[in-house]
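K.L.:
Respectively, the protein sequence lines represent chains X and E.
Heads up: the first sequence runs through residues 1 to 223, numbered per the working numbering.
Heads up: the second sequence runs through residues 1 to 221, numbered per the working numbering.
Note that these hints are calculated values from the structure, not bench results.
Where hints are given, some of them may not hold.
[As the list claims (entries may be wrong)] Some residues of chain E that are not near chain X, with every Cβ distance over 12 Å (derived):
#1 V46
#2 T49
#3 R150
#4 E157
#5 R177
[What the hints assert, rightly or not] Some but not every residue of chain E turned toward chain X, in silico, with C-beta under 7 Å:
#6 P80
#7 F81
#8 D83
#9 T84
#10 G86
#11 Q190
#12 L193
#13 R194
#14 D201
#15 E217
#16 D218
Quantities reported herein were computed from a predicted structural model and do not represent experimental measurements.
Ideal Cβ positions, reconstructed from N, Cα and C, are used throughout, including at glycine.
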Amino acid sequence: MPRPAPHVLAILLATLALGAAGCGGEDATPEPRTAPGSTQADPAPEPDAEDADDDVDAPPSPAAQATDRRFDRLVAAYAPVSSRVNFLVAAETLRADAVDSDAGEDIERERAGVVRVENERLKQELLPARTAVLAAAVDSEAERLVQQSMLEAIDARLRSTGELAFALKAAGNGSADTVVDQRFETWRASWDASLRAAREATTTMQVAREERGLEPAPEEAIR
Amino acid sequence: MRRRHWVGPVVLCVLLAIVAPTLAPGASVDGDAAQDPAGVDQAPQVEPTEDAREQARQVRRELRELARAWADGGGTFGYPFWDTAGQRWRARQITTAMYREYVTGYRDRLEAGCELLDAVDVDTDPAGDVRSLLLSSCGARVDALRDQQRWLDALIERNATAAAEADAEAAAALDERATELETEWREHLQESLRGTRLAMDQAQAQLDETGLTRLPEDAFI
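Put together the whole structure using the sequences plus the hints.
P.N.:
As structure tokens, this is what we get:
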């Protein structure tokens, strides 16, 4: 049998080599993690979530009930933070309204005093709550995400209490309006970050609860 | 001599087999197609057109209008005060009658607020979806506050009945009525709070997608 010419063989081998390189080169780009701030869904439903969907009337599985208890403990750990939020918001709303409506220095000073008190009360709740949230047992990815969001909310709120105190001090010393406004904007940014983290925690938790056939938690539990 | 003739092409092909992966589409230097940290092999980012940018800005304007309507309609001077009044009432720092005043005040603001929301013109689908959620939420919250007023009235009457040591049967009926009303207002309230959270989720996600500044997080509180 005559041997093929070397150059023909080279071409055949080169073709095979290129063909082999072309196979198995498909991208395997991993799924991006859900970006913070967007609507989050539980990334990996637990196996019992599928069981929960099969029979609407069946009680949640033991695993789901355990998740329920762990969520409840997380919410309970965060509760003192949630309860103080609107006291500060209401006080700051009245202070800002007094300034905007030129209510007079006495009223502005009085309302700023109420804001300081509420800010301090909130601050006192934050570190113990942070410790309690961090210590709470978590098992599933959803529980870890909720815990992480709660910690982010608390950390942002801790920053905000310092920034608010700084802003009130500037307002009280008669600093220039631009300085006062800038400090309140700084406080506002941290406060916003804390509210966003709280909202994300709520969304993650409610989606996870629904997937496991659990009753939703109160919507105002994580604020 | 024939072996030497074979060696050359074989060596050449072996070299090609080693180098060829780098020439194949979708490949990276280390041969791992899954890792592409520089993103050079992803589809090129398409710059949004001017129409798309204007559309995104229109969505944002409409969302801000909705936020303004919500704030004027009870978000600013209603919700936080109603919530703190509820906490004070549960802590027995204010009377039931006083708490009822806060509930009435918030309900009145919110009824006007629902009309304000309804009056906001939206032309874009994303803002339209958010507006639907907010209108539904607003209506549910008005229902919650109305039921809460009735619940507090039942409690006030129940307390008066107990104080007067009147008919035990009437007192029991009032207790039952109060329990029913409490269940109803709590359900309406949860429906409303869920609606505003979903509205916020959607609005912020839409703004993130188009690279525009988010709304303040308490816009639909």
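K.L.:
Confirm or reject each hint.
P.N.:
Results of checking the hints against the structure:
| no. | hint | verdict |
| --- | --- | --- |
| 1 | V46 | 18 Å, holds |
| 2 | T49 | 23 Å, holds |
| 3 | R150 | 21 Å, holds |
| 4 | E157 | 27 Å, holds |
| 5 | R177 | 23 Å, holds |
| 6 | P80 | 4 Å, holds |
| 7 | F81 | 5 Å, holds |
| 8 | D83 | 4 Å, holds |
| 9 | T84 | 5 Å, holds |
| 10 | G86 | 9 Å, violated |
| 11 | Q190 | 6 Å, holds |
| 12 | L193 | 4 Å, holds |
| 13 | R194 | 5 Å, holds |
| 14 | D201 | 5 Å, holds |
| 15 | E217 | 4 Å, holds |
| 16 | D218 | 6 Å, holds |
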